[in-house]
Amino acid sequence: MADEALTAGQYIKHHLQNMTYGQHSDGSWGLAHSAAEAKEMGFMSINVDTMFWSIFLGVLFLWIFRRAAKNATADTPSGLQNFIEMIIEFIDTSVKSAFNGRNAIVAPMALTIFVWVFLINAMDLIPVDWLPGAFAWMASTFFGADPHHVYFKVVPSTDPNATFGMALAVFMMSMYYSVKIKGVKGFAAELTMHPFSSNNKLVQLLFIPVNFMLEFVALIAKPLSLSLRLYGNMFAGEMIFILIAIMYGGGWALGIFGGFLQLGWAIFHILIITLQAYIFMTLTIVYMDLAYQVPDEH
Amino acid sequence: MNINLTLIGQSITFAIFVWFCYAYVWPPLVAALTERQKKIADGLAAAERGQHEQELAEKKAAEYLKDAKGQASDIINQAQKRANEIVDDAKGDARTEADRIKAGADAEIEQEINRAREHLRQEVVVLAISGAEKVLKREVDKDAHASSLNELAAQL
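Chains as they are written, first to last, in this note's numbering: chain W, 1 to 298; chain U, 1001 to 1156.
Please note: incorrect hints may appear among the correct ones.
[As the list claims (entries may be wrong)] Derived SDA-like pairs: lysine to any residue, alpha-carbon spacing no greater than 25 Å straight-line:
1) W:K70 x U:I1016
2) W:K222 x W:L254
3) U:K1039 x W:D75
4) W:K70 x U:R1036
5) W:K70 x W:K39
6) W:K39 x U:R1036
7) W:K70 x U:K1038
8) W:K13 x W:P147
9) W:K222 x U:A1015
10) W:K96 x U:K1038
11) U:K1039 x W:K222
12) W:K39 x W:K201
13) W:K39 x W:S140
14) W:K96 x U:A1041
15) W:K13 x W:F235
16) U:K1039 x W:N82
17) U:K1038 x W:S94
18) W:K96 x W:M175
19) W:K96 x U:I1016
20) W:K96 x U:A1023
21) W:K182 x W:S78
22) U:K1038 x W:A74
23) U:K1039 x W:H149
24) W:K201 x W:F212
25) W:K96 x U:I1003
26) U:K1039 x W:K180
27) W:K182 x U:Y1022
28) U:K1038 x W:R66
29) W:K70 x U:L1005
30) W:K70 x U:Y1024
31) W:K96 x U:F1020
32) W:K13 x U:I1016
33) W:K180 x U:I1016
These aren't lab readings, by the way, just hints derived from the structure by calculation.
Build out the structure end to end from the sequences listed, making use of the hints.
In structure tokens:
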């Protein structure tokens, strides 16, 4: 445990709170000093830690890949280029096998999602107290902040804002292309003419609200499931890391046991972070493919 | 766990990253990959062509070898034939020569016989004359009776 003064419950809560910047209830702007304050700020606030880490990792990803892209040649590839090309080829194969439309943005989007989400998730492997502890120490030493009220979450994908944000962007893209390919009429028909249809005009009219209910739920479920799946997995993984970290406060025997547990879970978690990045990417490709699919007429 | 502006921020960040990736990362990498793929395919095709050509050359070489072997055996056959002819010719020549020599020898023998016969005849004549001299107890004039003696010798 980072601080003996915290109970286990407080410790967990402290780890689950984002560093939120927004307007306090008294009208001043600043960082929230507690979960309740963060809640009070409402929608017009921003999670600084989530934004910082996701942008940092995204820029890191683009920097590495841009460097490889600049030096890319058709000759024998060197180490970095080889690795990057392996990823590119993997993404390209995934996109080609699942996406049947013609859209040059799907593959770069899939690449961005895969690598970015992977990097974001990989932050989970850094022991839970290192970065928040270092940050709290810095804040308290140089800025005189109370370390108990310095919140710092390093895994953006454990913040639903991040996963919803990405899923929302993917959803907007799929909606845009869906309307672009099928037209407004085709898109409306997709929502209202399936799964029930009839040749009788009156019966068809009765079916429209039913179809719309079903299809609309299915439509909304896509970005929801996409983001919640990633969020849920990463949140649960983070939670287990936090619980294991609590063991370090329970004497040396429990501490050593916790060390092994953390090692085991981290190794297992490597699979989860990769898998979740892959699933997020694959589902994105599939949703884009669905946007391009013109339903066969009944 | 509150939903706030981070949501919008993440969407925008994501969109910017995707755009950057779309504009500056993906195309050069895929272009390099495609180019290398083409290069490798070309290389493989060239290798295959080379192999094909080698096969053709081997086939051609085998054909040449076969032709050469045929020609050699033809030449050998002709040479053998010619040798046989030469031997036959030589045999014929030898036989003719042998015949000629034999004929010569025969003629010589004949001559020799004739000479011997002539000689014998002379001797017989001499003997006959000496016999006759003894019988007649008188000398026969050789010159006087030469014609009759010669006649006698011719009858022998």
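Structure-based check of all given hints:
1. W:K70 x U:I1016: 19 Å, holds
2. W:K222 x W:L254: 43 Å, violated
3. U:K1039 x W:D75: 9 Å, holds
4. W:K70 x U:R1036: 16 Å, holds
5. W:K70 x W:K39: It is violated: about 45 Å lies between the C-alpha atoms, which goes past 25 Å.
6. W:K39 x U:R1036: Distance ~55 Å between W:K39 and U:R1036 Cα, so the pair is violated.
7. W:K70 x U:K1038: Since the Cα atoms of W:K70 and U:K1038 sit roughly 20 Å apart, the hinted pair holds (cutoff 25 Å).
8. W:K13 x W:P147: Holds, at about 14 Å.
9. W:K222 x U:A1015: Judged against 25 Å, a Cα distance of about 19 Å means the pair holds.
10. W:K96 x U:K1038: Holds: W:K96 and U:K1038 sit about 19 Å apart, inside 25 Å.
11. U:K1039 x W:K222: Given pair U:K1039, W:K222 is violated - Cα atoms ~42 Å apart, limit 25 Å.
12. W:K39 x W:K201: 51 Å, violated
13. W:K39 x W:S140: 23 Å, holds
14. W:K96 x U:A1041: 20 Å, holds
15. W:K13 x W:F235: Distance of about 13 Å is within 25 Å: holds.
16. U:K1039 x W:N82: 17 Å, holds
17. U:K1038 x W:S94: Roughly 21 Å separates the two Cα atoms, so the pair holds.
18. W:K96 x W:M175: 21 Å, holds
19. W:K96 x U:I1016: 24 Å, holds
20. W:K96 x U:A1023: 19 Å, holds
21. W:K182 x W:S78: 44 Å, violated
22. U:K1038 x W:A74: 9 Å, holds
23. U:K1039 x W:H149: Not satisfied, since the Cα-Cα distance of roughly 60 Å exceeds 25 Å.
24. W:K201 x W:F212: 16 Å, holds
25. W:K96 x U:I1003: With Cα atoms ~35 Å apart, W:K96 and U:I1003 exceed 25 Å; violated.
26. U:K1039 x W:K180: 38 Å, violated
27. W:K182 x U:Y1022: With Cα atoms ~24 Å apart, W:K182 and U:Y1022 stay inside 25 Å; holds.
28. U:K1038 x W:R66: Holds, because 23 Å separates the two Cα atoms, which is no more than 25 Å.
29. W:K70 x U:L1005: 35 Å, violated
30. W:K70 x U:Y1024: 9 Å, holds
31. W:K96 x U:F1020: Given that 25 Å is the threshold and the Cα spacing comes to 21 Å, the pair holds.
32. W:K13 x U:I1016: 33 Å, violated
33. W:K180 x U:I1016: Holds, at about 21 Å.
Comparing the model with each numbered hint stated earlier shows that hints 2, 5, 6, 11, 12, 21, 23, 25, 26, 29 and 32 do not hold.
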